[in-house]
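Chemist: Working from the sequences, and respecting the hints, build out all of it.
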Amino acid sequence: MKILVAVKRVVDYNVKVRPKSDGTDVDIANAKMSINPFCEIAVEEAVRLKEKGVATEVVAVSLGTKQSQEQIRTAMALGADRGILVETDTELQPLGVAKCLNAIIAKESPDLVIMGKQSIDGDNNQTGQMLGALSNMPQGTFASEVAVEDGTVNVTREIDGGLQTVKLNLPAIVTTDLRLNEPRYASLPNIMKAKKKPLDTTTPDELGVDVAPRVQTLKVEPPAERSAGIKVADVAELVEKLKNEAKVI
Amino acid sequence: MPSTPNSEFITAPSDQRRQQVAEQLRAFIDADKVRIDEESLQGHGCDWTKLYKVNPLAIVFPKSVEQVQQLVRFACDEKIALVPSGGRTGLSGGAVASQGEIVVSFDYMNQMSDFNAVDRTVVCQPGVITQQLQDFAEEQGLYYPVDFASAGSSQIAGNIATNAGGIKVIKYGMTRDWVAGMKVVTGTGELIDLNKNLLKNNTGYDLRHLFAGSEGTLGLIVEATMRLTQPPKDLSVLVLGVSEMSAIMEILRAFQNRMPLTAFEFFSESGCKLTTAHGLQRPFESETPFYVLIEYENQSEQDAETAMEVFEYCMEQGWVLDGVISQSESQAENLWALRENLGECCAPFTPYKNDISVTTSQVPGFLEDIDAVVSQAYPDFTLVWWGHIGDGNLHLNILKPEDMAKEEFFEKCQAVNKQVFEIVENYQGSISAEHGVGLVKRDYIQYTRSDADVALMQGIKAVFDPDNIMNPGKIFNS
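If you're matching them up, the sequences are chains A and B in order.
Heads up: the first sequence at position 136 corresponds to 136 in the numbering used here, and the numbers run straight through without jumps.
Heads up: the second sequence at position 168 corresponds to 1168 in the numbering used here, and the numbers run straight through without jumps.
Treat the hints as calculated values from the structure; they're not laboratory data.
Wrong hints could be hidden among the right ones.
When the alpha-carbon atoms are kept at most 30 angstroms apart in a straight line, the in silico DSSO-like pairs for lysine-lysine are as follows [said to hold, decoys possible]:
(1) A/Lys32 with B/Lys1171
(2) A/Lys193 with B/Lys1273
(3) A/Lys52 with A/Lys231
(4) B/Lys1233 with A/Lys66
(5) B/Lys1400 with A/Lys52
(6) A/Lys247 with A/Lys99
(7) A/Lys196 with B/Lys1233
(8) B/Lys1233 with A/Lys32
(9) B/Lys1273 with B/Lys1033
Modeler: Pasting the structure below:
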């Protein structure tokens, strides 16, 4: 069984991003970049399936600038067998990404596609679902448990009020939620080995995909600053303020 | 129980005495900033050591330098000793009031001011919390590099008075290296301005450095101008599994020859078991006797290449068995937690703790000697080692066996103390690398400092504090 796993290069979770002064975008020049945490979970799940003997090959694919190679190398250090970079300097949006992934699926014919439910930069939560529609494959989103058996995959999903398990026929698309697993650290010996693993590069053009942005960002601005709190003298004043100023009781 | 200092205050001050002194103090200190209720007395009368009877006369929270001066003059007149109190995270009993002293807490003098972007300094009141300073520096695009597990509670003046070290010493040095200048109130109530924030100032003795590490015995630090620096960029963290202690020094040398490090820490497998039992992920599956944590600035692809090359070399030499590297800042934090959470993970076992140092090259032999002595004498004790090994600084922790009474355990540990300190003396090391002497190590100071040395220190104290009211009985008898 072949698994395709998508990884995205994003601003590190711990970096506090600020809008550019002209409000056109966020300023990420010189910011620390890392693999999107949900993608990391996707890689871990794929590697675990391979370690269990369920999968035979794990292919990591990323889209973006040349630097995205770093995230593919990370995925390979975690256990992916080979990598594909769809290289482009264009700003990528979910639809463009889904179309490229769909083109890769056509070439690679994976039995399972595992990807993050969203990336922490755009927070779109669209790519997996769009890919489901484009590829005509069933989708199990927000997975907290994935079990493959006899040509199907059971995906336990985190939904409002509880868990729902769906059974999908393979090939299928799974998007990962936070509780699916705890990704391992990249071991140094495996990072060394990953350098020798094959990494192919292609482009949206070669895949025949038009990735030009369809959505335009009008403005980026920081959230309004919270005003400082105040100290109240006693309970009576607190109640009075909650009632008349905050109007919550 | 360790012995408490000789003192005329054998019994606790009476309530009446407390009331009377509180009344006098309230003449010049806000009424609600003089506290004699039991909770305040017990809470503010000690540090993290829970070994001593806590017995203060009163707790005072001054709000200005003038109030501090008035307090010192009052203490001189009344012959009452003062114990300065910061974030109370000390581990040596330096801030313990066990003989009826007035505790001077700086909780309400916690403001920062006069940031100077050119000098890269900021003026701190004594009660500024370390993390407050770190956060302030970050907002200015700068960095305050002295960092340790208790940075969220410890206060700047306390850091200076104990010359706190921590996890970045290998690159940035100790607290004393970051003090541009300070104002202190001596034992006579005089306010003096030390060094005036100058970078170059060769005008005789640098008294600033006497106060760094003075543990409150010379006077009270009422203001400190702290230096800030350029923040490090893209810190990467490696955790390596090591087969034996002697290999650790080879690893240190191999890395330092090729790249500057910002941290080089170590911990033992017994420590790794504790933190992973509290939910942290093991760095890698295999268990190794020791682990080193290395941090460096990953400024370019070349740096990552170099780190990898050194790692490969260490593997080939057989020094390193396995290793991981952080791929994100969250992973870097989690790997650091393996080392930084050790103190808290040990706490439930009421551990015996020791903080000792030798020159860095001597660490392996030193550690093996101590390990051998302690495990031979007490085979049922669990030893947990960690430390800033790049600085030659080891933290030895012995966990109390579950079925042993606390008293018996500490009695045995007192015997361990002597054996450990004899080894320290043989290696010409220090019985207190970064925690200070306080009460805990006072009676062992001769293992590191000569009689002549101690006599000179006593002489210096007498100059700054002729009435012996400044934290008497700490570091040495006075």
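Chemist: For each hint, tell me whether it holds in the structure or not.
Modeler: Hint check:
| no. | hint | verdict |
| --- | --- | --- |
| 1 | A/Lys32 with B/Lys1171 | holds, 22 angstroms |
| 2 | A/Lys193 with B/Lys1273 | holds, 29 angstroms |
| 3 | A/Lys52 with A/Lys231 | violated, 58 angstroms |
| 4 | B/Lys1233 with A/Lys66 | holds, 22 angstroms |
| 5 | B/Lys1400 with A/Lys52 | violated, 41 angstroms |
| 6 | A/Lys247 with A/Lys99 | violated, 49 angstroms |
| 7 | A/Lys196 with B/Lys1233 | holds, 28 angstroms |
| 8 | B/Lys1233 with A/Lys32 | holds, 9 angstroms |
| 9 | B/Lys1273 with B/Lys1033 | violated, 45 angstroms |
When held up to the earlier numbered hints, the structure conflicts with 3, 5, 6, 9 and fits the remainder.
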